[in-house]
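My request is simple: use the sequences and hints to build the entire structure.
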Amino acid sequence: MPKETVPEPLRPAHFAGDPVEVARRLLGGKLVRVTPEGERLSGRLVELEAYDCPRDPACTAGRFHAARSADMAVAPGRWLFWTAHGHPLLQVSCREEGVAASVLIRAIEPLEGVGRMLDYRPVTRERDLTNGPAKLVYALGLNPAQIAGTPVDRPDLFLLPPGAPLPDAEVEVTARIGIKEGRNLPWRFTVRGNPWVSPAAPSMELMP
DNA sequence: ACAGTGATGTGCT
DNA sequence: GCACATCACTGTA
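With the first sequence counted from 1, adding 780 to any position gets you my numbering.
Bear in mind the hints are in silico, worked out from the structure with no lab data behind them.
Heads up, the beta-carbon is just placed ideally off N, CA and C, and yes, glycines get one too.
Warning: the hint list may mix true and false statements.
Stated by the list, open to error - Taking lysine to any residue and the SDA-like style, the derived pairs with C-alpha atoms no more than 20 Å apart in a straight line are:
| no. | residue 1 | residue 2 |
| --- | --- | --- |
| 1 | K915 | I927 |
| 2 | K915 | R905 |
| 3 | K915 | T904 |
| 4 | K915 | L898 |
| 5 | K915 | Y900 |
| 6 | K960 | R843 |
Unchecked claim - Simulated restraints on C-beta separations:
| no. | residue 1 | residue 2 | range |
| --- | --- | --- | --- |
| 7 | N964 | G818 | 25 to 33 Å |
| 8 | D899 | E961 | 37 to 45 Å |
| 9 | V903 | G878 | 34 to 42 Å |
| 10 | E961 | D908 | 26 to 34 Å |
| 11 | P816 | K960 | 24 to 32 Å |
| 12 | N964 | P902 | 19 to 27 Å |
| 13 | G866 | P975 | 21 to 29 Å |
| 14 | V951 | R907 | 27 to 35 Å |
| 15 | E788 | K960 | 38 to 46 Å |
| 16 | A847 | A949 | 17 to 25 Å |
| 17 | T904 | E876 | 41 to 49 Å |
This is the structure we're talking about:
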């Protein structure tokens with residue numbers, strides 16, 4: 781019997797390229813968080829978006845958010861938190877140092893430690909636990925101040941690639957959510973038909 | 001100093 | 001489906 785291969789946590793170098801391609805490859809993978817008590821919380825990556833500031837009208841960091849742009853322009857493969865409406869959104873920096881680009885984790889399907897997640901973020905309907913970019917940050921109990929800027933292969937917070945690349949048929953490619961500019965860019969990747977993707981999807985279709 | 005905007009979440013009708 | 005809380009940041013003064 782061949783030993784079952786346990787996927788290795790993704791290293792920072794994995795994120796050195798185009799965030800659109802990185803997001804596509806990452807879909808179907810896993811986000812894992814280990815609490816200080818040693819409990820493992822995890823979820824399947826079912827909704828990701830790419831932000832590529834130099835050529836991206838939706839990326840405000842590239843246009844005027846100088847400070848935030850600098851935050852995002854760190855070396856590849858670092859955890860980042862974009863702030864929107866007062867909420868922290870989890871991202872991974874992409875491309876080389878000096879260029880602001882990232883992958884945004886918008887939703888996960890809870891796998892391990894659901895009870896603990898409900899402690900961190902009580903909800904009436906379990907469906908609402910992690911189906912939004914800030915929701916999953918709260919549900920995993922992440923502390924942005926402690927994590928921002930650190931490499932993605934932390935012992936207590938890391939990413940696993942999908943066992944096998946997700947076939948195109950299972951991937952839905954649409955416009956990104958919650959933006960006005962750049963609606964024509966197909967940079968949002970979701971697992972087709974997965975019930976855990978964010979409900980706040982005004983248009984599932986590309987707007988010209 | 002102040003009004004407006006946005007990569008959101010929550011609660012209520 | 002709709003209003004509102006919320007806050008970093010921008011444009012204007």
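For each hint, the structure was consulted:
1. Between K915 and I927, the direct Cα distance comes to roughly 17 Å. Compliance with the 20 Å bound is thereby established for this hinted pair.
2. Annotation: proposed proximity of K915 to R905 holds, straight-line Cα distance about 13 Å (limit 20 Å).
3. With a C-alpha separation of about 13 Å, the suggested pair K915 and T904 falls inside the 20 Å cut-off, and the hint holds.
4. Restraint check: the Cα-Cα separation between K915 and L898 comes to about 11 Å, which is no more than 20 Å; the hinted pair holds.
5. Restraint check for K915 and Y900: the C-alpha separation of about 10 Å stays at or below 20 Å, so the hint holds.
6. About 14 Å separates the Cα atoms of K960 and R843, which keeps this hinted pair within 20 Å; it holds.
7. Checking the proposed 25 to 33 Å range against N964 and G818 shows it is violated: the Cβ atoms sit about 46 Å from each other.
8. Take D899 and E961: their Cβ atoms lie about 38 Å apart, and the range 37 to 45 Å holds.
9. As the Cβ distance of V903 to G878 is approximately 40 Å, the hint placing it in 34 to 42 Å holds.
10. Between E961 and D908 the beta carbon distance is about 28 Å. The supplied range of 26 to 34 Å therefore holds.
11. At about 40 Å, the beta-carbon gap between P816 and K960 misses the expected band of 24 to 32 Å.
12. Our hint of 19 to 27 Å for N964 and P902 is violated, since their Cβ atoms are close to 39 Å apart.
13. Checked against the hint of 21 to 29 Å, the pair G866 and P975 passes, with Cβ atoms roughly 27 Å apart.
14. With their beta carbons about 22 Å apart, V951 and R907 fall outside the hinted range of 27 to 35 Å.
15. Judged by the Cβ atoms, the range 38 to 46 Å given for E788 and K960 holds: they are separated by roughly 39 Å.
16. A beta carbon spacing of about 42 Å between A847 and A949 contradicts the range 17 to 25 Å that was offered as a hint.
17. Taking 41 to 49 Å as the suggested C-beta distance range, the pair T904 and E876 conforms, at roughly 44 Å.
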